[in-house]
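Residue numbers (my numbering), protein chains in the order written: chain V, 1 to 202; chain W, 1 to 202.
None of these hints come from the bench; they were simulated from the model. Each hint can be trusted.
Simulated crosslink set (DSS-like; lysine-lysine; CA at most 30 Å straight-line): (1) W:Lys26 - V:Lys198; (2) V:Lys146 - V:Lys48; (3) V:Lys26 - W:Lys26.
Stretch by stretch, here's where chain W covers chain V in the computed footprint (C-beta under 8 Å, at least three residues): (4) 170–184; (5) 193–199.
Here are some, though not all, of the chain W residues that point toward chain V, as calculated from beta-carbon distances under 10 Å: (6) Gln11; (7) Ile118; (8) Lys119; (9) Glu166; (10) Asn169; (11) Val175; (12) Leu177; (13) Asp178; (14) Leu182; (15) Gly183; (16) Lys186; (17) Ile194; (18) Ser197; (19) Lys198; (20) Pro199.
In this text the structure is predicted, and so the values were computed from the model without any measurement. Ideal Cβ positions, reconstructed from N, Cα and C, are used throughout, including at glycine.
2 protein chains.
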Amino acid sequence: MKNRIITISRQFGSGGRTVGKEVAAKLGIPCYDNELIEKVAEESGLAKEYVEEHGEYTTHGSWLANVLAAGRTYNGISNQDYLWITQRKIIMELAQKGPCVIVGRCADYILRDIADCIKVYVHADMDKRAERIVNLYGEREDSPMKRLKDKDKRRAAYYQFYTEMEWGNANNYDVALDSGTLGIEKCVEIIADIYKSKPIVE
Amino acid sequence: MKNRIITISRQFGSGGRTVGKEVAAKLGIPCYDNELIEKVAEESGLAKEYVEEHGEYTTHGSWLANVLAAGRTYNGISNQDYLWITQRKIIMELAQKGPCVIVGRCADYILRDIADCIKVYVHADMDKRAERIVNLYGEREDSPMKRLKDKDKRRAAYYQFYTEMEWGNANNYDVALDSGTLGIEKCVEIIADIYKSKPIVE
Numbered sequence: 001m002k003n004r005i006i007t008i009s010r011q012f013g014s015g016g017r018t019v020g021k022e023v024a025a026k027l028g029i030p031c032y033d034n035e036l037i038e039k040v041a042e043e044s045g046l047a048k049e050y051v052e053e054h055g056e057y058t059t060h061g062s063w064l065a066n067v068l069a070a071g072r073t074y075n076g077i078s079n080q081d082y083l084w085i086t087q088r089k090i091i092m093e094l095a096q097k098g099p100c101v102i103v104g105r106c107a108d109y110i111l112r113d114i115a116d117c118i119k120v121y122v123h124a125d126m127d128k129r130a131e132r133i134v135n136l137y138g139e140r141e142d143s144p145m146k147r148l149k150d151k152d153k154r155r156a157a158y159y160q161f162y163t164e165m166e167w168g169n170a171n172n173y174d175v176a177l178d179s180g181t182l183g184i185e186k187c188v189e190i191i192a193d194i195y196k197s198k199p200i201v202e
Numbered sequence: 001m002k003n004r005i006i007t008i009s010r011q012f013g014s015g016g017r018t019v020g021k022e023v024a025a026k027l028g029i030p031c032y033d034n035e036l037i038e039k040v041a042e043e044s045g046l047a048k049e050y051v052e053e054h055g056e057y058t059t060h061g062s063w064l065a066n067v068l069a070a071g072r073t074y075n076g077i078s079n080q081d082y083l084w085i086t087q088r089k090i091i092m093e094l095a096q097k098g099p100c101v102i103v104g105r106c107a108d109y110i111l112r113d114i115a116d117c118i119k120v121y122v123h124a125d126m127d128k129r130a131e132r133i134v135n136l137y138g139e140r141e142d143s144p145m146k147r148l149k150d151k152d153k154r155r156a157a158y159y160q161f162y163t164e165m166e167w168g169n170a171n172n173y174d175v176a177l178d179s180g181t182l183g184i185e186k187c188v189e190i191i192a193d194i195y196k197s198k199p200i201v202e
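One chain only, chain V, in its complex shape (with noise of 0.2 Å):
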């Protein structure tokens, strides 16, 4: 029988991660978000910071850069795709584990066949997640919409890079969330209640 995996792609600013945490606490199942990146980091030997940026962002917004990234290589391979494999490997293997909650880096994408994967999505408005972002974040130099645009337009791009999907479509998402309507507390109500009662796939 596969694992059952809480996969939470979610906007920048959502409280995303937040949903996946207090989903996972209120499972008893472990939630990969840091312990993620520090895994894929620790394996691949790049920086912990590349890691966060990098294996979920593409460096600019356009398949171009993409391409035009592979430039930087390592054994023959741009960093970023060495990035992806590693990355890709980790969840993977976290996935054969246990249930869990995997935040972000496509591993909706990745665990399609190997998991008995509820795959969700979280967003928000701009305003909502603008007002998050200050909060939790601070002021920065760029205004919080230019930042919310500029996260939003590279993370789909990344996603649509590795995976040939749209980011965001409702129609690859056993469920997908506004947690600035229904709030954080709702949205974790509604996932565990589908992890406990949801059909099992074989």
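Given chain V, work out where chain W should sit, using these hints.
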């Protein structure tokens, strides 16, 4: 205070209409689907079958086809635009009467400013939907896959033409659910629970 309205956008064959009816029954509020079509037909003078088909689907799948369709006019506007205007008016009137469920017909967009909407999107994968439409409507000359692809394309084109928004983009909904993996009953339960617990929008 605005009325709380559940708008259900759904892929053809996903069971979204059934979800809508069952949510309404559970909450003791009306569900406007067939009744809405009848009201629009009565007020517009257009045939019920015409309203059913052209109040939600473009004639063909493209924007150009919509522009060309404007050739057939009624008092200087195309039949399709005349139907849109009538349908919009009736949806707004229904939303003023009291809480309800409205299935399809861009109600999420039409009511965005005048109701406290819970915007739902229901979808399922091709195999599940194909099975459902064959059970419900029987075999046709075209394969179920062809029928689904055609309906998806024309519904998306209609939505985009009148709302300038992307149909099926998770960011446009409070909640998007896969009725194929979660089951109709779980979808009903989640939506009814959100109806009862979502913070009120003034």
